[in-house]
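There are 2 protein chains.
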Amino acid sequence: MAQGINLAIVGATGAVGQEMLKILEERQFPVNELILLADPREAGARIVFRGESFTVRGADAEAFKQADIALFAVNTEISQVLAPQAVENKCTVIDNSYAFRLDDRVPLVVPEVNPNDIDWHQGIIANPNCSTIIMVVAINPIHLAAGLKRVIVSTYQAVSGAGILGLKELEEQVRAWAAGETKNPEVFQHPIAFNVIPHIDAFMDEGYTREELKMVWETRKIMHAPDLKISATTVRVPVFRSHSESITLDLEKDLTPEQVKNILSQAPGVVVQDDPSQNIYPMPLNSSDTDEVYVGRIRRDISGERGIALWAAADQIRKGAATNAIQIAELVLNKNLF
Amino acid sequence: MAQGINLAIVGATGAVGQEMLKILEERQFPVNELILLADPREAGARIVFRGESFTVRGADAEAFKQADIALFAVNTEISQVLAPQAVENKCTVIDNSYAFRLDDRVPLVVPEVNPNDIDWHQGIIANPNCSTIIMVVAINPIHLAAGLKRVIVSTYQAVSGAGILGLKELEEQVRAWAAGETKNPEVFQHPIAFNVIPHIDAFMDEGYTREELKMVWETRKIMHAPDLKISATTVRVPVFRSHSESITLDLEKDLTPEQVKNILSQAPGVVVQDDPSQNIYPMPLNSSDTDEVYVGRIRRDISGERGIALWAAADQIRKGAATNAIQIAELVLNKNLF
Chain A
2 MAQGINLAIV
12 GATGAVGQEM
22 LKILEERQFP
32 VNELILLADP
42 REAGARIVFR
52 GESFTVRGAD
62 AEAFKQADIA
72 LFAVNTEISQ
82 VLAPQAVENK
92 CTVIDNSYAF
102 RLDDRVPLVV
112 PEVNPNDIDW
122 HQGIIANPNC
132 STIIMVVAIN
142 PIHLAAGLKR
152 VIVSTYQAVS
162 GAGILGLKEL
172 EEQVRAWAAG
182 ETKNPEVFQH
192 PIAFNVIPHI
202 DAFMDEGYTR
212 EELKMVWETR
222 KIMHAPDLKI
232 SATTVRVPVF
242 RSHSESITLD
252 LEKDLTPEQV
262 KNILSQAPGV
272 VVQDDPSQNI
282 YPMPLNSSDT
292 DEVYVGRIRR
302 DISGERGIAL
312 WAAADQIRKG
322 AATNAIQIAE
332 LVLNKNLF
Chain B
2 MAQGINLAIV
12 GATGAVGQEM
22 LKILEERQFP
32 VNELILLADP
42 REAGARIVFR
52 GESFTVRGAD
62 AEAFKQADIA
72 LFAVNTEISQ
82 VLAPQAVENK
92 CTVIDNSYAF
102 RLDDRVPLVV
112 PEVNPNDIDW
122 HQGIIANPNC
132 STIIMVVAIN
142 PIHLAAGLKR
152 VIVSTYQAVS
162 GAGILGLKEL
172 EEQVRAWAAG
182 ETKNPEVFQH
192 PIAFNVIPHI
202 DAFMDEGYTR
212 EELKMVWETR
222 KIMHAPDLKI
232 SATTVRVPVF
242 RSHSESITLD
252 LEKDLTPEQV
262 KNILSQAPGV
272 VVQDDPSQNI
282 YPMPLNSSDT
292 DEVYVGRIRR
302 DISGERGIAL
312 WAAADQIRKG
322 AATNAIQIAE
332 LVLNKNLF
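Chains as they are written, first to last, in our numbering: chain A, 2 to 339; chain B, 2 to 339.
Only chain A is shown next, with the shape it has when bound in the complex:
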């Protein structure tokens, strides 16, 4: 422990994996051995960490033998295969995919909300959906103070939520437009430049997308509020980075906007950014490359009886994924739970 732990990153070449490396450096995470894993086709790539060059290896069961903790930043299908192999090899998995999030044996953790849920992990801890993380950091303190009855959220999600290829698609479509050309969509269902697309992840039952239902199911699990009423509309917007959310809350107990501001200004991981007279409110441009969830436009919901409306924004690659995973790893380390 004095020399740190052996840490594997699975998906080290992706958008979230790359951000994880940056954050591990920033937070001086005590890494002893660093094991960078990716698709075998990317094996051999070299990545610099703390001034030292590391070679990416193809991810397989063998690779986890040296690792104490593995941060998984790959898709659900790959996590489903590799995470159990890591656990068999006595490596604690913090998984960013959807694979285990709703599994009753797997804690789903946002350290500002339910840090103690990691105590009962059995090898895998799940990192929630990005939009869900941002929302629960903002609304859980209000829930604790006044009880939430109903949550209605509409999102404004950045293209990097779809990874590096999503980022590239917006960039290429905008450059094509500037050159008087067009670039057809490959990552998104429709052109995303100068458009908004009310469709993220697959459509499921009842006309909701999986992204929308993740916000329902995962929020309930993280907040230990199995009956909380939530509905979401998740929408892709032509923004590179940082998701924004328009959130309406019905409360059990009345809170004034001033009280909500006070509660949130003392809440972990939250920055209240709320001074309309100075044009200050959360936006993607100010929240990118930070670890906090910014909350503003805090006001009474004038359509409800005891309601609050607010607007949140946060960097979904950092707090919505990489930072949250590393915060979980820090908890695992501090509690000696690996």
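Simulated from the structure, these hints should not be mistaken for laboratory data. Mixed in with the good hints, there may be bad ones.
A pair holds if it fits inside one copy or across any two, identical chains being indistinguishable in the list.
Computed list of lysine-lysine pairs in DSSO-like fashion (alpha-carbon distance at most 30 Å, straight line) [as the list claims (entries may be wrong)]:
{"hint": "1", "residue 1": "K230", "residue 2": "K150"}
{"hint": "2", "residue 1": "K262", "residue 2": "K230"}
{"hint": "3", "residue 1": "K254", "residue 2": "K169"}
{"hint": "4", "residue 1": "K169", "residue 2": "K184"}
{"hint": "5", "residue 1": "K150", "residue 2": "K262"}
{"hint": "6", "residue 1": "K91", "residue 2": "K23"}
{"hint": "7", "residue 1": "K230", "residue 2": "K254"}
{"hint": "8", "residue 1": "K150", "residue 2": "K254"}
{"hint": "9", "residue 1": "K23", "residue 2": "K169"}
{"hint": "10", "residue 1": "K66", "residue 2": "K169"}
{"hint": "11", "residue 1": "K169", "residue 2": "K150"}
{"hint": "12", "residue 1": "K66", "residue 2": "K150"}
{"hint": "13", "residue 1": "K91", "residue 2": "K150"}
Since the structure of chain A is already known, use the hints to place chain B on it.
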């Protein structure tokens, strides 16, 4: 009448004024004499209508003497001065600004919703806010069928809602980005390229913007529902044209999503665009340059008891402004109310 009417357009050189001219041509509006008015500094500009070149004149009281109807597409301050002068000169005003919308003596009209309100006009008929028009066309048929109890809306509004300068600002900022440069904001409070800004129009009491309160006040007046509970969050997105809206409705009477689809597919001015399995739903890119309000993502609101969630998009320069004004003019003409 057989030869048409004498029609003035005030603000003929602006985004809405230009669109009005296009729509008058398309709809073969019976114009006898066309009087194009604008800021005196723009007097002398020439505009082609139906293949004929017209000279723009500076707007003043005198100019309305020849006009039967004037379509106003200027800001509130100018409408406040000029509209009464037009009325004094026996010219019926259809005003696109905020100046008279909440005046009890002035009907506020969306022809698909409250066409008969024009019957009691006293010289001025107000054209509603663009986001409001789009919303009421989509939700009024549901209100008539099942009674609305509560409306919660979050908008995704195009830059052209701020006129030609708004359009230009997004274009210039994106071109600057493509050239590796930056272009500071002048029209919007913050950069709009690759950003979203939860701030449209001025902040008023209680933390709401005027744009948000317009959606409350104007919807109630148009729908004759003075007590309807509504709250709005209005947000600028980097889209050139067409506003989108995420709308959650609480109903008095239960309606299934199928029933709502049936109601809306027969509703005037609405196109139901709702086939998730084929990636079909309303978007700015498909609704631009059309006159309809597109509605999709129609589903049960899973947070409510008798709720419906839906997604609407429409060209806010056309149906949200110019088309609606010309539809009002057509009603005035047909009812001989000028």
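TODO: Give the relationship of K91 and K150 under a CA distance limit of 30 Å: within one copy only, between copies only, both, or neither.
DONE: neither (41 Å within a copy, 55 Å between copies)
TODO: Give the relationship of K169 and K150 under a CA distance limit of 30 Å: within one copy only, between copies only, both, or neither.
DONE: Neither. Shortest intra-copy (40 Å) and inter-copy (44 Å) distances fail the 30 Å Cα cut-off.
- [ ] Using 30 Å as the alpha carbon limit, work out where K169 and K184 are close: within a copy, between copies, both or neither.
- [x] both (11 Å within a copy, 22 Å between copies)
Task: Copy assignment of K23 with K169, given that the CA separation must stay at most 30 Å - done: Cα proximity of K23 and K169: one copy only (20 Å, versus 37 Å across).
Open item on the list: As a check of your reading, is K230 near K150 (CA-CA no more than 30 Å) within one copy, between copies, both or neither?
Closed with: both (6 Å within a copy, 18 Å between copies)
- [ ] Pop the pair K262 and K230 into one bin, within, between, both or neither, using alpha-carbon distances up to 30 Å.
- [x] both (23 Å within a copy, 24 Å between copies)
Task: Homo-oligomer pair classification [K262, K150; C-alpha up to 30 Å] - done: Both: 19 Å inside a copy, 29 Å across copies.
Open item on the list: Treating 30 Å as the Cα threshold, decide for K150 and K254: within, between, both or neither.
Closed with: both (9 Å within a copy, 21 Å between copies)
Task: Intra- versus inter-subunit Cα pairing at 30 Å for K91 with K23 - done: For K91 and K23, only the intra-copy Cα distance (26 Å) is at most 30 Å; the inter-copy one is 70 Å.
Open item on the list: Treating 30 Å as the Cα threshold, decide for K230 and K254: within, between, both or neither.
Closed with: Classified as both: same-chain Cα gap 16 Å, cross-chain 20 Å, threshold 30 Å.
Open item on the list: At most 30 Å between alpha carbons: which applies to K66 and K169, within, between, both or neither?
Closed with: Close neither inside one copy (35 Å) nor across copies (58 Å); limit 30 Å.
TODO: Measure nothing new, just compare the shortest in-copy and cross-copy C-alpha distances for K254 and K169 to 30 Å and report within, between, both or neither.
DONE: neither (46 Å within a copy, 47 Å between copies)
Hint check: violations occur at hints 3, 10, 11, 12, 13; the rest are consistent with the structure.
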